[in-house]
Amino acid sequence: MKHRSKKRYLFDFDAFLRAVILLGFVVLLMWLVRTQQLTLYINPKFTVLVEIASYLLLPMFLTQALTVFRPANAFHNHHHSHLGRLMYIPFMLVLGLAFALPNSTLNASFVNAKGFNSQLSAPVSTYEMSRPLAPQLRQLSSIEVIDRDYAEIMSEIQFFPQDYIGKEIVMTGFVFRPPGSADNQFSLVRYVVMCCTADALPYGVLCELPDAAKYEEGTWLSIKGFLQRTTYEDRPVPAIKITSLKQVPEPKNPYVFPPSQ
Amino acid sequence: MDNLPAISTTVLNAINMDNIANFKIILLSIVLEALPFVLISVLVSAILNNFVTEDMIRRLIPKNKLFSIVPASLLGILFPVCDCGMVPIVRRLVMKGVPLHAAVSFMLAAPIINPVVTAATAFAFRTNGDMVVYRLATTFFVACLAGWLTSVFFRGNELKANAAIHHHACGCCDHHAEDNAIAAFTFSEKLVRTVHDASNEFFEMGKYLLMGAMLGALAQIVLPRALLLSVGRDPLASVGVMMLFAFVISVCSAADAFIAASFSTSFSPGSLIAFMVFGPMIDFKNTLMLLHAFRARFILWLSVVVALLCGAAAYLINLL
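If you're matching them up, the sequences are chains A and B in order. For the first sequence, position 77 (counting from the first letter as 1) is numbered 76 according to numbering that gives the first Met the number 0, and the numbering increases by one without interruption. For the second sequence, position 34 (counting from the first letter as 1) is numbered 33 according to numbering that gives the first Met the number 0, and the numbering increases by one without interruption.
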């Protein structure tokens, strides 16, 4: 049997596209991890998984990259329809969106689509809630709402306002105007994220301030004030009467990730 | 349909810069969350393909239907897998000769009956411990019954014809040896083949995951929750709405309990169970993958059966 003296190499366009896409994902994941922007998308406790994913993608990229140029002798005569390459569009679309648009934070306009906690929940729940923070909070005359306890404290205020009326509240959040709020009212809100921002839920509390109207939706504020009763859409709700406030830049971790246990 | 004008204005209002930014965030967060699980899944599938023979599997699976369906439903306790990465593994198992009914029970139950999801559910519903029990029991019931019905109605493996013979899309022509020739390869050859198979399957399955994630993200932007709330207390309508909602938003089974809990004061408990049982079993992102792996007729049948079983169980819970 006679061997061909010259080995010809073929350029495999599919392998090339696959290699480029896999490399794109590796770069995307590593970039998000390195620049600590991953918390804009998922709970930090999953960071390790994303790192593992980037290491799994690397050998996949290598095996594809190594087949971009292949000896032509192989009994390779697949005929790829060009239609088959449409399958790469979703990958490119996702990578394109990921790199082209800046990494931003869910904005205030999304609160309505998500459903705001004070609109969703009936004022009194029917069953007994477990309230791990309640005994501690009741002792305090001034409650500083820290990230870790954010969701817990917001639910406490929402469900058991009678325990907290008159107490001073110190908190940070962004301005949101629920439909039907009065001119001197807005809500101070943050997104609470369990796994990824797809499950983000806005949690917040109504605030009252004479010149509330001059703060735009989405503005981040640090406020101090006293909890009292007011009416919103003809029903009594708790609200913070603001005594002092400061406009602040968006925090480095705009989302609140509650501890899992 | 008096909601129709409201819906169309909502869709029109949705097209602006804010929403494009939000769309990107939701889409990328679903992708980033699911990607590790999908990669692990295609890798496990490729390892099964290259290192495990059909004989080994045949010896492990009990002949008796009952003895294969019930353990398959409980297998998630040992292998806590998320629904994002389920389909590639299940398809591979069926290719390797696992009976369809056992594979179906495993696929439906494992994303819910596992320690990770149980803990998340218990935490989300720490005010109401019954919900965990209801969720696990309903899942077990639906998975077993759907598995049994599968064995009654379907004899074959219901895989798409092309999937059974040639699952690589390209670039692997020297790899077309039959499964029973596995032993002929050295360990390092098998390793390279495994990585190569995994990356091919990643492209095959990944495109459906990404499309499903896009649809889910889109639905989250244009579907205001207030629309859902109008039916929250009706024992039957609330169940249907929550199952549809679960299908559309396609969140991970580890996270959906928290979403369900956020509805707990305005929706009936049965509808929340339906949301948490149906969602991980059938949703946008894995339906596209399932349709690629199995015959459309079978997936349609399975979706209807699972929906009916979930709905019936949830309705019963509402009546309790």
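Because the hints were derived from the structure by calculation, they are not lab data. Quantities reported herein were computed from a predicted structural model and do not represent experimental measurements. Using N, Cα and C, we set each Cβ at its ideal position, and we do this for glycine too. Mixed in with the good hints there might be a few duds.
Said to hold, decoys possible - On the chain A side, residues computed to face chain B include the following (Cβ under 8 Å):
{"hint": "1", "residue": "P43"}
{"hint": "2", "residue": "T46"}
{"hint": "3", "residue": "I51"}
{"hint": "4", "residue": "A52"}
{"hint": "5", "residue": "P58"}
{"hint": "6", "residue": "M59"}
{"hint": "7", "residue": "F98"}
{"hint": "8", "residue": "N106"}
{"hint": "9", "residue": "V144"}
{"hint": "10", "residue": "M193"}
{"hint": "11", "residue": "C195"}
{"hint": "12", "residue": "T196"}
{"hint": "13", "residue": "F256"}
To see whether the hints hold, each was checked on the structure:
1. P43: violated, 12 Å
2. T46: Nearest chain B Cβ about 10 Å off; hint violated.
3. I51: holds, 6 Å
4. A52: holds, 4 Å
5. P58: Nearest chain B Cβ about 5 Å off; hint holds.
6. M59: Cβ of M59 (chain A) sits 4 Å from chain B, so the hint holds.
7. F98: violated, 11 Å
8. N106: Nearest chain B Cβ about 6 Å off; hint holds.
9. V144: violated, 19 Å
10. M193: This interface hint holds because 4 Å falls under the 8 Å limit.
11. C195: holds, 4 Å
12. T196: OK, holds: T196 (chain A) within 8 Å of chain B, min 4 Å.
13. F256: violated, 12 Å
Consistency with the previously given hints fails for numbers 1, 2, 7, 9, 13, ordered from lowest to highest.
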